[in-house]
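Please build the complete structure, drawing on both the sequences and the hints.
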Amino acid sequence: ASSYPQELYEDDWTAAQAVELLERAPANKPWFLWVSYPGPHDPFDVTGSMTSSVAGREWPSSVDPTRTEGVAPQGGHPSLKPTRANYAAEIENLDRLFGVVLDAAQARGHTTETDTVVCVFSDHGEMLYDHGDVGKEMPWQGSLNVPLICSGPGIQSGASLDVPVASIDLGATVLDIAGADQVPGMTALSFRGLLEGAELATRNRTVLLSGLQNSNFGSTTTSELNAFNETWLREANHTENEAGRLVGKPMYSWRAAVKGDEKTGAIYKFVCCKGTCPGAPSTVGEPDADGYTRLLYDTAADPVDMHDLRNTLPHVAAALQAELPQRHGFDCNT
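Taking this note's numbering, the leading residue of the sequence shown gets 26, the next gets one more, and so forth.
Where hints are given, some of them may not hold.
[Unchecked claim] Here are the simulated EDC-like cross-link-like pairs (lysine to aspartate or glutamate), alpha carbons at most 16 Å apart as the crow flies: (1) Lys161 to Asp67; (2) Lys288 to Glu224; (3) Lys288 to Asp323.
[Said to hold, decoys possible] Pair ranges (Cβ atoms, derived): (4) Thr359 to Phe123: 42 to 48 Å; (5) Ala205 to Gly290: 34 to 40 Å; (6) Ala41 to Pro339: 51 to 57 Å; (7) Gln351 to Leu186: 27 to 33 Å.
Source of the hints: derived by calculation from the structure; they are not laboratory data.
All C-beta atoms in this analysis are idealised placements derived from N, C-alpha and C, irrespective of residue type, glycine included.
Here it is as structure tokens:
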């Protein structure tokens, strides 16, 4: 019923450690710092002051189904509900903490105008009740689409690029900027050229791949896979959200290929799931005859994955489907 001090909140503590590391770093050597904040993340517990900061404000509703949310004042007490408002409070707190760390770098004489490159990004998103679900691990934009903002010497100022890039390539990009050699065998590719204003045609990737698979399916049939999912939901510790859907972790089995079209501004995402797709939008139907669910979206025009374009643009769907890897018992091209 009471709140612990703000400075002990997980993200505030992380920022404090980053500041201490910067203060201890040798003054005559280059440095690299990765500051990994635990939040915003389930279970979205926030402090009393963070709860008060979002009380009485309106937040965008979730979609499919629409879920509105009003936050009542907590009288300084923390809120433990996994709500969109709590998530927003964590985001706003992070924005403040980014400034704390950058101020510590500036105190050492390092700024993005002179000698320091800074990138802000996330490893995954959060469904926040879109399509009646919460969590990550899904091929929908709430989970898959994450921010990426970079600033520093040589990087374009005030530019916004509407082409997808892969967060896996950040490692290669940092090494490239630092003038270091790439690690033998690494699959990451630098997108430094994009940051510095190179032509889009020269970018490091034209098709981005993503996916998740719990195990090697081998010869597992779709019916066996669906039976596994149902068994897991019955036996695991799961809850039922307000939309009446079970919130759990079934066997995930999906691949996605993403490609931007510079001429039209479309960003096409092809999704293929073995069996039913996890947390699927209400507009998704049953799997195809071979047991795979295939979907195509233009995420620039449809950022919440509600309009499947596979039948409208079959050539785009076919081209992206052909890009998907066929490994570990997953073959969407059969």
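Right, here's what the structure says about each hint:
1. Lys161 to Asp67: holds, 10 Å
2. Lys288 to Glu224: Measuring from Cα to Cα gives roughly 14 Å; hence the hint holds.
3. Lys288 to Asp323: holds, 14 Å
4. Thr359 to Phe123: 42 to 48 Å: holds, 47 Å
5. Ala205 to Gly290: 34 to 40 Å: Cβ of Ala205 to Cβ of Gly290: about 35 Å, so the range 34 to 40 Å holds.
6. Ala41 to Pro339: 51 to 57 Å: Holds, at about 54 Å.
7. Gln351 to Leu186: 27 to 33 Å: For Leu186 against Gln351, whose Cβ atoms are near 31 Å apart, the range 27 to 33 Å holds.
Violated hints for the displayed structure: none, as all numbered hints are satisfied.
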